[in-house]
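Q: Chains as they are written, first to last, in this note's numbering: chain A, 100 to 331; chain B, 22 to 596.
Worth flagging that the hints you see were computed from the coordinates, not collected in a lab.
Where a beta carbon is used, it is the ideal one built from N, C-alpha and C, also for glycine.
Where hints are given, some of them may not hold.
[Said to hold, decoys possible] Pair by pair, the computed Cβ-Cβ distance ranges are:
#, chain 1, residue 1, chain 2, residue 2, range
1, A, Y119, B, R107, 55 to 63 Å
2, B, G277, A, E204, 39 to 47 Å
3, B, P557, A, D239, 57 to 65 Å
4, A, D239, B, V585, 38 to 46 Å
5, B, T587, A, T221, 31 to 39 Å
6, B, D574, A, D239, 32 to 40 Å
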Amino acid sequence: MMQTFKIFRYNPDEDKNPYYKTYQVDVQEGMTVLDVLNEIKWKLDGSLTFRRSCRHGICGSCAMTINGLNRLACETQVKALGGGTVEVEPLRHYPVIKDLAVDMEDFYKKYEAVKPYFIAGTSPTDKERYQSIEDRKKIDGSYECILCGACTSSCPSYWANPNFLGPAALLAAYRFVFDSRDEGMGERLPILNSRHGLWRCHTIFNCTICPKSLNPTWAIGELKKKVISEKY
Amino acid sequence: MVHEHDVVIVGAGIAGLYAALEASRSVDTAVLSKVFPTRSHSISAQGGTAAPLGNMEEDSWEWHLYDTVRGGDYLGDQDAQEILVREAVEVAYELEHMGCPFSRTGEGKIAQREFGGHYSNLGKGPVRRACYAADRTGHAMLHTLYEQCVKKDVRFYTEYFVLALLMENNVCSGVVAWDMRKGGLHIFHAKAVMFATGGYARAWKVNTNALSNTGDGMSIVLQAGLPLEDMEFVQFHPTGLYPSGVLVTEGARGEGGYLVNHEGKRFLEKYAPAKMELSPRDVVSRSIQTEINEGRGIGGKGYVHLDLRHLGRQAIMEKLPQIHELILKFSGIDAVTDFVPILPTSHYAMGGIPTDVNGRVVMDAKNTPVTGFYAAGEGACVSVHGANRLGCNSTMDCAVYGRRTGRAMARFIGEGAEKNTLPKDALERGRTKVEGLLAAKGKESPAAIRDELQQTMMVNCGVFREEKLLKKQLEIIKSLQGRYKEVEVGYKGQRFNTELLDVIELGNMLDFVETIVVGGLARTESRGAHYRTDFPKRDDGSWMKHTLAWKTDSGIKLDYKPVVVTRFQPQERKF
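Only chain B is shown next, with the shape it has when bound in the complex (with noise of 0.2 Å):
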């Protein structure tokens, strides 16, 4: 069956539907979800998303943009940043004016607060920089963005798996995507579409990430023959509950909880005494995994505490309920009495789909757009994260890149551009993946490949690196690509197949992992998220320069681009 819209969109998460929303406001829209859209893993961001407001006290844009280059280690395009955090306002203010519930200040202001990283006068004092609706500032801001679309009756189709970008002579003209629930291929011909289709965090044992952050996305693109932009940067987040790695927010420390270890010591005195618990993640989590690794997690295990204790309990009820709520659940630790066990967990994509300021994708070091395919949020790099990102400028991201995206859409079509002609095999290009793997037959466990990823992630490509390391998960991967190929769906059915979604998600991760590890491996340097042992000082001379990753039949190819510096030059971190 052949769906004809101006617009698709790829995912229904902050980014998708920001963008759904500007785009149907003069063009047929349509957005296509593996999951109903409230389901999206933009639900789970907890504690905030940033915007210079000066709600609290005085803040600037120049600050936040200072913060957020230095944060990400120079390696972010300055001009792109430069746009976050002057739009951050604006949208913040818009989020408000469709409803969305943000905490408040005594004056009824939306209520700001800190968050690591963010800083008054170029560095200097904390500011409270975060819009925050409790600890559910992700969940406030998605269900707002879905409720304007229900508004706008936005057409939804929910539980439809994209496989495959549709693309020739480098224009994109849609998509091919699976019925979940009923089975079958669907052609989605558009004039213009977005990937808007999140991160990929599930490669790694101990992540924060929803089941279904397994980066289709980004493999789908790379399997479309384009590359894929500073895939080496993974961060951690410092703050995972043990042992599951499920997210304790940042604003838990924004609000002034402390990290000991062992010793009953706040150990981030030893590794950044002036900023503490509030200094970037790259820095925090290193310190715990330092702390961990030598011996000082508590009882010698593979965690620290983190100690709400001192906030009371009409503080952490009012201001961070949710998460107060996840521990006692999972954990069965009471916060306001406890100390809470916690680790670095894999936590999001610095790197992903390569594009400009308006969402464009772009496939070369030329930057050379790709006519008629776009995208933003997560799954995207229009690299404003640079090699690490600050918490609470991911929803924001997502909201200011998504809705500059979506109105780059309406303008494409607006200007007259047209529905291009599909490829002649465009169903075959689904039909071979999902028959390709119901007829196969073999002996392989996705599962038992799944696990093997997920657990060697952890080792050997975590938040310490190094170059044996990185050689052994290459060939790991390589391994566990070739089992894949004998890996057998033992359910045929075409109803709600999720053994078969399941597979494919599998065979997705297994893609996108051989670009961060080989990205990984060549950068011979220590940059924000991605830190080498064996290389452990920044080097500017050679690696101030993004990296773009394509993969041959030969492996993956590396080329390089520069990075966009106007404001700041490189200078050395200290927090």
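One chain only, chain A, in its complex shape (with noise of 0.2 Å):
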């Protein structure tokens, strides 16, 4: 069936403004919105560009805004979205380096900056340090994010506030504040408890989106739980 794709479309060193255009694809069954952007790259229009790679939703490489919302483009079935003209743009609030891609520098700076990794003084050297299954289910929900950008680029409060640490940095650290094999927090919350920090989360919701159904506002809750209850 032919339907029509309207996508964003912007290259600075060519156009005074972004604009869209439309393309006519011919959608089979089965077919994922990134199959359709390939099909348009591969025999319509080979200038467009997006990111892509693992194409089954696991990389994080093709986040961007279909029909307003954001979304991983390889496991967006288009016959999921209802029929009628399909929209994509870029993934909002970060600055677009060509058409549907965009510059994640800031995001990953948000990222790096409340020390995303694991910090243990000791370790035994010979075998692993144990954990029970119940501790370890406490960290499920948030070391399966991909790091797609979607939840930060729907958060009103970084849209606000460019130094908000955001909801995917907020979740990085969740992961390793409550891991209990971990000995950062001491270094951590500090950094999480800042003047831009999750105090700028007002529980809106919005970072949701998520692809991989991981929820930031929740862990937020906790991580705000955990800095008064260590504070105060």
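Bring the two chains, given one by one in their own frames, into a single complex with the hints.
A: Okay, structure coming up:
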């Protein structure tokens, strides 16, 4: 079935302003938005730029705004969008490099700022550190983050204050603060409790747009409780 | 622009990042990658990573070694395989110490599950050897390593595409790369260069691989005049989701999933009665393909069913949550209540850039090393997987040999290695590739060439092979290589020109595939994943040897080198 795709285009080297270009694509059963973008790129217009890699929802390359919502193009079935013109735009709030590819340097900088790595002073040398099944479960819902950037792009607090660490970085912090093996809480909590840290989150829940169904707002709430219980 | 570093690593999957972590402890290390590190294909590994920890029941490295040797149909080098299984234990613990979120046993140890080809007591009972983090093991490992690299301030050049290896007189001095976002050529001048550039299954229509797995590293090595090893050995994973081939982890069978044909029968009892669904991948893939070819696919179509229903909702959601989601999103099927349609799917390169056990690239049958050039991971062939890789041995291969290679490079530099002089035409080697393509005028469509390559590789160079089909495929590849000279890149700009990059990747695919077909034509036997219907038996008298393939002006040149056998003499395999 022929379907219309309205796609955001912008090449700062050539275009004064961004614009939308429409393409007609013959959509077959089972085609995803990434399949459509590939079809456009390979058959209709090679100049279209977008990122892609794993094509099954695990690498995070192809996060973009599809019909107004942040999603991974590779796992969004065209059929599930309910027909009509499909509008494809880059993730909002990040500067556009070209077309659907955005500059995520600031996103990565925020991620790095929370010390998103395991910190432990001592480790047994010849076997694993034991962790109970219950303790291990506490980090379910956080370690699965694929750093696609969809959550931070949809966060009104981040729109209002670009210094805010944002949901992805805070979720990464949660992953370590609540890991029973980690000993870095003393270093991490002051970063989270700082001026542009977790108190800038106004519990709006926009970040639950997460393609992996994670819930950064909830995790931030837990971190807030942690900061309070540790500090006061 | 010229960048100077002690070590330059190309590729940021498990092998590249582990090497970066090790090298950066003592020397200045940079990592180049065409994708952001956590987008590397290691992220897609699902079911587990092999280490004989013995956390669930007794296990030993000798048993793991035996399984790896036999699984690889005796083509693996046993010295390298012994290093893999011995260091696997240390590496699994080290990953845990870095915070890797493995699933746990009731006692709090790293949890382990069954995988095909892994047994106890030298091939007897099953053994739970695959350490796992639900069905996101690759994700857990890759993120853990990336996090540690962030901690150590490893220098990353993200979205740089390597165009050529800088090598003269068997000495490597760096690479030339393209800045994908801004455009422009960059030289990376280093004392040691490592390729951790991954696999190539994108050359087949049905495959498990990322769109970025186009075998670039392998082809750049061929273009530099070096050989590739054992390229004819290409693994088809038994369970790709129909029709796309997206991976459904072997962990699904490890947890007890069955395969059934159109008659509702568990057909593995015909092919591998003792080990059934937990036989090595080559055996299971051929069994499925035979059922399909003989009309017992579901409704006579090109797939069979994977049945997970008896595992129950709770086990599926706890142990296989990601594949449950993936099957639902891509096929609209709920694996808790319905059969999953699956087919064999191109998955893994057993062959690659030949190296010694310290990751040094070697250039001939005498194992003469190239000074300053290293490789590890799927793109390399130290030969631990032989003719067929066991499930969950690849992530561990990347970790063990990535770590060893990082250490070897640090040692090489510690012992006083200096930067070698760059070739005079260093920049030109990249420029000709990029500017040549941008300037080319032609009528051929890159997409049409790629499509024809992928379709024909499925038919002529798949699970089953024979002389007639391989010869036909060689002709097709040569004709596609000819047509490639006539492609035109429509968008000429420098800024994030992914059309240009697609075309370079296609060129790379057209290079390495020739070594697969020529090596496979020459090997008149069946061994591991290389199955010749016209030569169905393994022939140790003639073929117990590794293939080396060079690209020359007159086509692919082959040579052979012996297999290292230490403990286990070749025997017939039965599962």
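Q: Each of the hints needs a verdict: does it hold here or not?
A: Quick rundown of the hints versus the structure:
The supplied range of 55 to 63 Å is met by Y119 of chain A and R107 of chain B, whose beta-carbon atoms lie about 59 Å from each other. The beta-carbon spacing between G277 of chain B and E204 of chain A, approximately 46 Å, falls within the hinted interval of 39 to 47 Å. Between P557 of chain B and D239 of chain A the CB atoms are about 48 Å apart, so this pair departs from the stated range of 57 to 65 Å. Distance hint for D239 of chain A and V585 of chain B: a CB-CB separation of about 43 Å, consistent with the stated range 38 to 46 Å.
Between T587 of chain B and T221 of chain A the CB atoms are about 38 Å apart, so this pair conforms to the stated range of 31 to 39 Å. Hint check: D574 of chain B to D239 of chain A, Cβ distance near 57 Å, so the stated range 32 to 40 Å is violated.
The structure fails hints 3, 6 (numbered hints given earlier, in ascending order).
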